[in-house]
Each structure stands twice: as structure tokens, then as C-alpha cells.
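Trainee: Keeping their order, the protein sequence lines are chains A and B.
Final position of the first sequence in my numbering is 152; the numbers increase by one with none missing.
Final position of the second sequence in my numbering is 538; the numbers increase by one with none missing.
No wet-lab data here; the hints were simulated from the structure.
Treat the hints with care, as some may be off.
What follows is a list of derived Cβ distance ranges for each label pair [to be verified]:
#1 A:T8 x B:R434: 47 to 53 Å
#2 B:P246 x A:Q50: 20 to 26 Å
#3 B:V254 x A:G146: 54 to 60 Å
#4 A:N43 x B:V67: 38 to 44 Å
#5 B:E449 x A:T72: 34 to 40 Å
#6 A:R60 x B:G260: 39 to 45 Å
#7 B:Q43 x A:S91: 21 to 27 Å
#8 B:P5 x A:G97: 51 to 57 Å
#9 A:R112 x B:P160: 35 to 41 Å
#10 B:S288 x A:R60: 52 to 58 Å
Think of the CB as a built atom: it goes at the ideal place given N, C-alpha and C, for glycine as much as any other residue.
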Amino acid sequence: MSRASILTDAEYNLLELVSDCLIPANETMPAASEVKTHEFIDNLIQNKPQLRRLFLEGIRQINDTAFQSGKTFDAMNGIDRESTLKNIEDSNPEFFGELVNQTYNAYYTSPRVLILIGKGSDPPQPKGYFLEKGDLSSLEAVRNRGQIWRDS
Amino acid sequence: MQSQPADVLVIGSGASGAAFSWSLAKAGFDVVCLEQGKWLNPQEDYATTKTDWELHRQTDFNPNPNVRDNISDYPVNNSDSPIAPLMYNAVGGSTIHWSAHFPRLKPSDFKVRTLDDVADDWPITYQELEPYFDLNDRHMGVAGLIGDPAYPPKSPRQTPPVGLGKLGNTITKGFDKLGWHWWPSDSAINTTTYDGRAACNNCGPCDLGCTIKAKASTDVTYWPKAISFGAKLVTGARVREITVNPKGLAKGAVYYDKYGNTCEQEAKVVILACNGIGTPRILLNSTSPSFPNGLANSSGLVGKNLMFHPYAAVTGVFDEDLEGHKGPVPLNIMSSQFYETDLTRGFVRGYAYQVTRSSSPVSQARGGYTNTYMDWGSDHHAKFKDSFNKTVTIAIIGEDLPELNNTVTLDPNITDQDGIPAPKISYRLSDNSRKMLDHGIATATQVMEAAGAHQVASDPLLKEAGWHLMGTTKMGPDENNSVVNKFGRSHDVKNLFVIDGSIFVTAGAVNPTSTIQALALYIADYVKNNSRDILDKS
């Protein structure tokens, strides 16, 4: 694999597996790795030293935690992977929170995902949206109930 | 570096500074405005045309200056406050990222001592401000609908109200079932072309800046006009202190330019327009042998009485897709059902509701207004599908009464990039405000249920919601109990004025910008009409 990356191949592969635990595929939606959320994080930590340290330590912790149970993370079944991640979520909430945050950031800015959830992949501008004016007919009743501002 | 002395020096180019500068420049005064931020180009600098637009909410367009950390920003120590102050620093100030809610304070807000025996009455009434509300509305362009029974009659609005969409039609049914007040609230967003600016195309994220200039930020409303009348706007100019002359009058301001050079701008009159945190910060940092406790501070009230509007939020989840991503994020419906005092509720004064559309995809995954991240793992997709575009949020905006122990002071340890002390916020939510918000959560839950929500969640106090910064140099007739008089004029320094939200005596329970700008125009007229006294004696 040829990547300009901070992560080793093993760390990168682990991050990919972890991403798919956070957002797995279902019948309509892709798994996180299919829209490259792990690649997004890899790029992000290259440019942000504080996040880099947090993620490098966090990924190492996932490895270590898995290892203590006698298996590597990639050799675990889904239940054990989830259990390992819940352990990290409790013991290192700063890292885990950022991991989830950045995975969601990557996933929900992916054009493929935005189309599938019904939002569409276009950014808000320049097209904008058509918005119906809505039903204002009940305001007559609001008005007829009379003044509610307090005369001073 | 010394510049030519000006007639009028305005510090800050946001909501109030822009309106004031326009008024004085139009009348032929030589106006210089110092702004620490820069001009933003709506087409290039706003993220709404980019695919990663949502992520900019977490970085360079985060409303919290500590998170954003742009070069124009200064840090704010908010570690002693449950509410984080929010602001934007650029030409246009916080109108760059505001939601353009434009309700006026109500008549009772100016008379809280007389009516409810709390805080102080304002030294000015709604009726005195009304011509300035109208004048300002014409410059900002207000979408709305007259006839609201929660206000005295108003002049026609410039453009029709912001559309309700499917989401608005759903939530208004809840109000109607309960027989409670709601109304399309005034909004500084063009819904048709107005004053040379485009109509809103309902793209959504007003908080990321309006690419098409439909939203009235003052960089696209007042400033082009002010500059055409000769106002000079200096960007990248961060004011350190206001200097005084031997007569005890304001002489001008010392500031750092964008290269870090120390500069001085002299003027006959100095106007502070830096918001409820920036203004006391500069005054407290302007010490001299004549003013050892900061300028204009003989009352000791500079930086005291800080008011936010504390917000709670109630989010309802509905079965249907409400197309909640279409339209300006603020739905621009307000309810004043619980605005005026009713002591049987267990608190004095009241609150308003603002209704907000659904969260965008990343925000929804991050929990929307409930502030709880969506579950990760095998249930993630089902949970996202059950809520995305199906939520409506009612924000409860409460009237925060002034308290001496809610303060802005100078932090002894933290400075901005130029070495100017950062402001430090100390704030506690009062029992009255807590009871008010709890009442609001209970009633807003009723609205959600009446509208058909199958699930309702609430956040009792929004942290990242310190949008409105008020009270820290209050107005009043008594120089021992106020910092400025009814014209924003310092009791201590006769050619120094404050025109931003700092001068609010109380907060009301609506967004303050319309009232801030009306006050700025009112004070501008006073300065113009009394210029011989104010300018020529300096």
C-alpha cells in the first residue's frame, strides 16, 4: 500500500475495522469504510498534531486491550470487537468521543451517504430549496384571542 | 503610528457600530471605525457552496471564539460559566453568523421595576424607540407579518414572512390545539429581493454566513452605504485601550494593526460598539491615574450585571419526514404565550419560544439539540433514520435578570495574540431563571405532544448558546447605579458613548439585535443633535 500516512499499515487497517464497528453496513447503507471514513481520519491527523497524538495513543490502546483478551482485534468476532470498543469508550472517553465524532463527520459528508438518507449530495448553495409558505389560516384565531402584550 | 484625528471614532463594526457609523457619516461627520476582523467575501469565504460545509461549524465557523480561534478572535475564559459566550469577529461582527431573528423588545421590558418590582426600569420607553425600530427595519429589511397580538401595532414589514414548510405546518398544529399564541416572527432575511439584495433561497445554514446576501449582516446592509458617505473602516485593528486627555475626556484609542504595529487614532468622540464582553474588556483595560479602576467606572458597574438569555431546548421526533432541512434553520415562529409575568407560575417575568428546523446530517448524528451523540454500532442506521428530518426543536429563551455577581473581568493570565488581557466570565444561573426554563420545558413538551411527536427529549440549559451579551455597562439616570445615561453617554467621560448590548438595563426574552440597532440609531441622533456640546468641547 502506498500512502502518505502517519499510521502504519497495521494501524490503518485497525482503524478501518474499528470504523465498521461504529457504522456497519445494513441493507441500504454502506459501512463506514466503504466511504473511507478511516482515510478521512488518517488525513486529518496528519495536519493536526494534537489529534494525531490522541489517535495514535487511542489506536494503540485498542490493540493492547484486544491483546489482553488473548486475540488481536482483527481475529475477534463482532461481539468481542464491540466489547473491546465499549471498554475503550469507558476508559478513554476523550479519544473515543473524537473517534466517533470524526467518523460521523466523514460519513455524513459523503455524497453517497447524503443521497441515501434523502438529503441529496448538493451543498446548500447555490441551488437552495423550494419551501412552501405554509398554512397561516389559524393566525386569525390567534389574533381574535386579543392582545397579550402588557401595556406599560 | 498616528492617523489624522477624526470627528467620531467607532470601535467595532457589528450590528450597532455599522448603524451608528452610517447615521453619522450620512450627516457629514468624519467617521473612523476600527474593526479587529476583516472583510469576508460571501462567495468565497462562506462554506455553504462546499461539500464539507457542515464541518465548518466545528472549525473556522464555530460560533465559540475559543473553538474557532481565528486570527481575528480573542480568547474568552468561560470556565466559570455554564453558558459559553458566542460571537464573530469580522466586518459585520456577529451579524455574520447570526440567525437573523429580529423581534423587538416589548413595552413591558422597559418597565420591569414599575410593573414587577424587579431590577430597574429603562430610562427610555418602547414608544421613544419605535421610530428607530422602523428606521432600522428599513435598512436591514425585515420579513414578517403585522397584526401580532403580542406587540403593539407595527409598520408594514419589508418582505413577507419566512415560509413555514411542512415542518412549520406540523408544529403550529400543536399551538393551535392548545389555543396558545404563535406568530411568524420578524426576521432580517429577504424573502423577496429588497434594497438591492437577493431573496433567500431557503438553503438552510444561516449560521455559516449568507452567500447570496439575503440575510442582513451589516457588511452588506449598512456598511456599503456608510462607506459611500465617507466613513472609513479600518480592519485588522484590535483596540487595546481608550486614552484620555488631561481634562479627563476620551482622546482616542490605541490599537494594534494587522502587522502588530502600535497605532493611535484620535477623535472628538469615542463610541464603543464591541458587544457585552468586548466593551467592558476595553474599558477595564483603559486604566490611568485619573481612572485607576478602568474608564467610565466610577460606579464600579463596568463588567457587572452580565446577562445572557439562558436557553433550554425541547426536541420532538415525528413519524413523518418533515423536510426539516429546507428553509432557514430558525423557523422564525415565535410564541409569546408565557412572555409576560404571571406569578402563579412560580417565577417573575417570562420566556418566549423560538422554533427551529431539523438538524443537518452531521449535527443530527452528533445529537442535534439534545446534545447526546447518536448510538454507534448495529443500531446506528435505524436510529438515524428514525430522527433525521423528523425533528422539531423549541428553544426556550428566558429573561435573565441582572445580578452583580455575573461579571466580565480581565483574566490575569490569558491574553490575545497582541498581549491584551482576555475577558473572564463568571456567571451563575439564578433560581428564577431555572424555574422559568423548567416551566418552559414542561409547556414546550405539551406543544410537541399536541403536534403529534412520538418522542420528546430536552436539554435543560444549552451551553453553547451565549449568543446575547448584555448589561455590562448599564444605562440609567443615577451615576452611582449605572455606567451611561439614557443616550449611552458615560456619566464620567462626557465624550464617550456605549451603543451595544452592554447598555441594556434588562434583557427581555427575545433576541436583542433589533433593539441594539434601534438604540444605536437613537444615540446617533442625540450625538448629531448635540454635536456642538459633545464634539467641540473635547
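Trainee: Given the hint of 34 to 40 Å, check if B:E449 and A:T72 actually sit that far apart at their C-beta atoms.
Mentor: Roughly 50 Å apart at Cβ, these two residues miss the hinted range, so it is violated.
Trainee: I want to verify a distance hint. Is the separation of the beta carbons of B:Q43 and A:S91 within 21 to 27 Å?
Mentor: Violated - the Cβ-Cβ distance for B:Q43 and A:S91, about 47 Å, lies outside 21 to 27 Å.
Trainee: Does the Cβ pair A:N43, B:V67 satisfy 38 to 44 Å?
Mentor: violated (21 Å)
Trainee: Is the gap between the beta carbons of A:R60 and B:G260 within 39 to 45 Å?
Mentor: At 41 Å between Cβs, range holds.
Trainee: Verify the CB-CB distance for B:S288 and A:R60 against the hinted window 52 to 58 Å.
Mentor: Between B:S288 and A:R60, where Cβ atoms are some 56 Å apart, the hint holds.
Trainee: Take a look at whether the Cβ-Cβ distance between A:T8 and B:R434 falls inside 47 to 53 Å.
Mentor: Since A:T8 and B:R434 have Cβ atoms about 51 Å apart, the given range 47 to 53 Å holds.
Trainee: May I ask you to test the hint 35 to 41 Å on the CB atoms belonging to A:R112 and B:P160?
Mentor: holds (38 Å)
Trainee: Check the following: the C-beta atoms of B:P246 and A:Q50 are separated by a distance inside 20 to 26 Å.
Mentor: Given a distance of about 50 Å, which is not inside 20 to 26 Å, the answer is violated.
Trainee: A range of 54 to 60 Å was offered for this pair. Does it hold for the Cβ distance of B:V254 and A:G146?
Mentor: Given a distance of about 56 Å, which is inside 54 to 60 Å, the answer is holds.
Trainee: Can you let me know if the beta-carbon spacing of B:P5 and A:G97 is within 51 to 57 Å?
Mentor: holds (53 Å)
Going through the hint list in order, the structure does not satisfy hints 2, 4, 5, 7.
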